[in-house]
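This is what each chain is made of:
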Amino acid sequence: MNDTVETTQTNSAETLSAPLSPGRKKRSPLGEVFFRLKRSPLAMFGLTVILILIFTAIFADVLSPYPYRKQDLTRTFETPSRDHLLGTDEFGRDILSRLIYGARVSLQVGFIAVGIALIVGGMLGAAAGYYGGWIDNAIMRVMDVLLSVPQTLLAIAIAAALGPGLFNLMIAVGIAAVPNYARIVRGSVLSIREMEFVEAARAVGSSDLRIILKHIIPNSMAPIIVQSTLGVASAILNAAGLSFIGLGIQPPYPEWGAMLSGGRQYIRDYSHLTLYPGLAIMFTILALNFLGDGLRDALDPRLKR
Amino acid sequence: MTDTKENAKGLLLDIQDLTIQYVTDSGTVHAVENLNLQLGHGETLGFVGETGAGKTTTALGIMRLIPSPPGVIRSGKILFEGADLLKKSEAEMRAVRGAKIAMIFQDPMTSLNPVMTVDKQIAEMIRLHRSVTDAEALNLAGDMLELVGIRRERMHDYPHQFSGGMKQRVVIAIALACDPGLLIADEPTTALDVTIQAQVLELMKKLKQQFDASMILITHDLGIVAEICDRVAIMYAGRVVEYADKHALYRRPLHPYTIGLFNSVPDLEEDKEELAVIPGLMPDPMDLPTGCTFHPRCSFATEECPVTKPDMIEAAPGHFVACPVRAAAQAGSESRGGEGQ
Chain A
1 MNDTVETTQT
11 NSAETLSAPL
21 SPGRKKRSPL
31 GEVFFRLKRS
41 PLAMFGLTVI
51 LILIFTAIFA
61 DVLSPYPYRK
71 QDLTRTFETP
81 SRDHLLGTDE
91 FGRDILSRLI
101 YGARVSLQVG
111 FIAVGIALIV
121 GGMLGAAAGY
131 YGGWIDNAIM
141 RVMDVLLSVP
151 QTLLAIAIAA
161 ALGPGLFNLM
171 IAVGIAAVPN
181 YARIVRGSVL
191 SIREMEFVEA
201 ARAVGSSDLR
211 IILKHIIPNS
221 MAPIIVQSTL
231 GVASAILNAA
241 GLSFIGLGIQ
251 PPYPEWGAML
261 SGGRQYIRDY
271 SHLTLYPGLA
281 IMFTILALNF
291 LGDGLRDALD
301 PRLKR
Chain B
306 MTDTKENAKG
316 LLLDIQDLTI
326 QYVTDSGTVH
336 AVENLNLQLG
346 HGETLGFVGE
356 TGAGKTTTAL
366 GIMRLIPSPP
376 GVIRSGKILF
386 EGADLLKKSE
396 AEMRAVRGAK
406 IAMIFQDPMT
416 SLNPVMTVDK
426 QIAEMIRLHR
436 SVTDAEALNL
446 AGDMLELVGI
456 RRERMHDYPH
466 QFSGGMKQRV
476 VIAIALACDP
486 GLLIADEPTT
496 ALDVTIQAQV
506 LELMKKLKQQ
516 FDASMILITH
526 DLGIVAEICD
536 RVAIMYAGRV
546 VEYADKHALY
556 RRPLHPYTIG
566 LFNSVPDLEE
576 DKEELAVIPG
586 LMPDPMDLPT
596 GCTFHPRCSF
606 ATEECPVTKP
616 DMIEAAPGHF
626 VACPVRAAAQ
636 AGSESRGGEG
646 Q
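So the protein sequences, as listed, match chains A and B.
Taking the numbering used here, the leading residue of the first sequence gets 1, the next gets one more, and so forth.
Taking the numbering used here, the leading residue of the second sequence gets 306, the next gets one more, and so forth.
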């Protein structure tokens, strides 16, 4: 029995380990994303504004010149001056101080509401996408029902049912956004579930939960991060809207939407009461949208050089 | 042809009468039909066939990873180390997957998780099946990388920082990390270029011996089979049509389909204008021909072929073929005393 069937063998296996360009910088995926984000000026502007806002919200007690509820009925409706940089409102309260405290509420509502939506929607979407079949149908049909109601209306309904207050406001805004996240997570889980590395993970004996948490979710982060960033903006806007119609934060605690609502009746004579909270909302939303767009570009693997 | 008997006693894997179907709205796909296969300890079995012949389905069936629905294992037994894998619970199967039967996938570009460093991916396998700490698992992962010829410094790299051949080495390292008894390699070199193919095959051959594992190598490349397999099973339309020792098969292919496969391999020394091909196309797996599934394309076909399903016949010791016509011809040529080509 001769060995004519054996083909010639090429050089030994060990040679392949050699090539490695020495000076190459190693970046984690996160570092890579930040590197690309830095090249977009708008995104960096957005990130800076958001970071300043977060800083302001955390140190509101130190930064604000007056307590937010300190009234001075002798100095109502003052236009901006040295004492009150942005003027005072109908009770003589310092508008700048109220804006600074308002940032605390707005950011809290924005991030926590999105957090609630992301956790609930993410779990539902991941289960729907991973298991498919009737689980998928049951979950997604409920989401479709929620989606068929306009998000703001849904939030109003939930807030009205729960009653006003900061915590209820977060829940109302969060639940109203759940279907959006469920859909996005389900979509990316669906596409990643079919990838070979998921099958490979199954072939090494991983359980379903482990596959979802360690392999599928980390790989579907990109669209989720983008949607969450943009989602914070719409949550802040939603919360402001609810406060504006009196379902959100109750006076005297300052909230940008509530400040708009309070200043509405004086808009003709004392427009600075509404101008500054309006600008604050606008800049926050704008910054979050810039950041979200920048992240979308930075996370898109097709734009990798 | 001599070593077939001694393998018969220590069977690692014994597949009996396995039938796997995909039940879809547009019909039932007969992916694997009445498949019988044996694999001894330390053996390498080549699994050859066209795309859609049921090779991968069989492999996934052994791992119990057939997507269900639509996949259904209709009948049969898969005896691995004497126990029927089809009777095991999902939890028991998880302990088998990776630890006892490991799989190497076709495309190393997609079979590694892009957002996990490779050492963590190897360590995941070790952590799942051995009671070691994370630090020990990572250390073992580094050892495995060195074993497949990747320097230890690179263990914290992400898959995209490796070339295709190196990624396949990582995949091999994962597969071997828990010292499995059986390694299933599903076209492990198809996605690699030819020079890297040879290196990866060489590595697999070496490590298979080092770890004393058996291997099922799925491929459609007869050259690869020649290089590393001991035995070969040729699959056509969900059935094994010929099963023999490598040397016997290459010297004297019996089944008309096998002959067709060998004829369609271009020969460097012969000056041919056109490649010899097997006439016709693979049958639609939802609507297989009656009798022998190969008969519409077969030049040896008789009136009997469309009527009866051929059984496996031992045409020569250890050489099985599912074709009564050719088996009879082989018997005839042997009784005339002709062993030669």
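FYI, nobody ran anything at the bench for these hints, they're computed from the structure.
It is possible that part of the hints are untrue.
[As the list claims (entries may be wrong)] Partial list, computed: chain A residues near chain B (C-beta under 7 angstroms):
| id | residue |
| --- | --- |
| 1 | SER191 |
| 2 | MET195 |
| 3 | HIS215 |
| 4 | PRO218 |
[Stated by the list, open to error] Below 30 angstroms or equal to it, Euclidean Cα-Cα: the simulated DSS-like pairs (lysine-lysine) are:
| id | chain 1 | residue 1 | chain 2 | residue 2 |
| --- | --- | --- | --- | --- |
| 5 | B | LYS405 | B | LYS393 |
| 6 | B | LYS551 | B | LYS425 |
| 7 | B | LYS405 | A | LYS214 |
| 8 | A | LYS38 | B | LYS393 |
| 9 | A | LYS214 | B | LYS393 |
| 10 | B | LYS392 | A | LYS214 |
| 11 | B | LYS425 | B | LYS393 |
| 12 | B | LYS382 | B | LYS393 |
| 13 | B | LYS392 | B | LYS382 |
| 14 | B | LYS405 | B | LYS551 |
| 15 | B | LYS551 | A | LYS214 |
| 16 | B | LYS382 | B | LYS425 |
| 17 | B | LYS551 | B | LYS511 |
| 18 | B | LYS510 | B | LYS405 |
| 19 | A | LYS38 | A | LYS214 |
For each residue, glycine too, the CB sits at the ideal point set by N, CA and C.
Hints, verified against the model:
no., hint, result
1, SER191, "violated (12 angstroms)"
2, MET195, "holds (6 angstroms)"
3, HIS215, "holds (5 angstroms)"
4, PRO218, "holds (5 angstroms)"
5, B:LYS405 x B:LYS393, "holds (14 angstroms)"
6, B:LYS551 x B:LYS425, "violated (38 angstroms)"
7, B:LYS405 x A:LYS214, "holds (23 angstroms)"
8, A:LYS38 x B:LYS393, "violated (53 angstroms)"
9, A:LYS214 x B:LYS393, "holds (26 angstroms)"
10, B:LYS392 x A:LYS214, "holds (29 angstroms)"
11, B:LYS425 x B:LYS393, "holds (29 angstroms)"
12, B:LYS382 x B:LYS393, "holds (11 angstroms)"
13, B:LYS392 x B:LYS382, "holds (9 angstroms)"
14, B:LYS405 x B:LYS551, "holds (26 angstroms)"
15, B:LYS551 x A:LYS214, "violated (42 angstroms)"
16, B:LYS382 x B:LYS425, "violated (35 angstroms)"
17, B:LYS551 x B:LYS511, "holds (19 angstroms)"
18, B:LYS510 x B:LYS405, "holds (18 angstroms)"
19, A:LYS38 x A:LYS214, "holds (28 angstroms)"
Hint compliance for this structure: hints 1, 6, 8, 15 and 16 are broken, all remaining hints hold.
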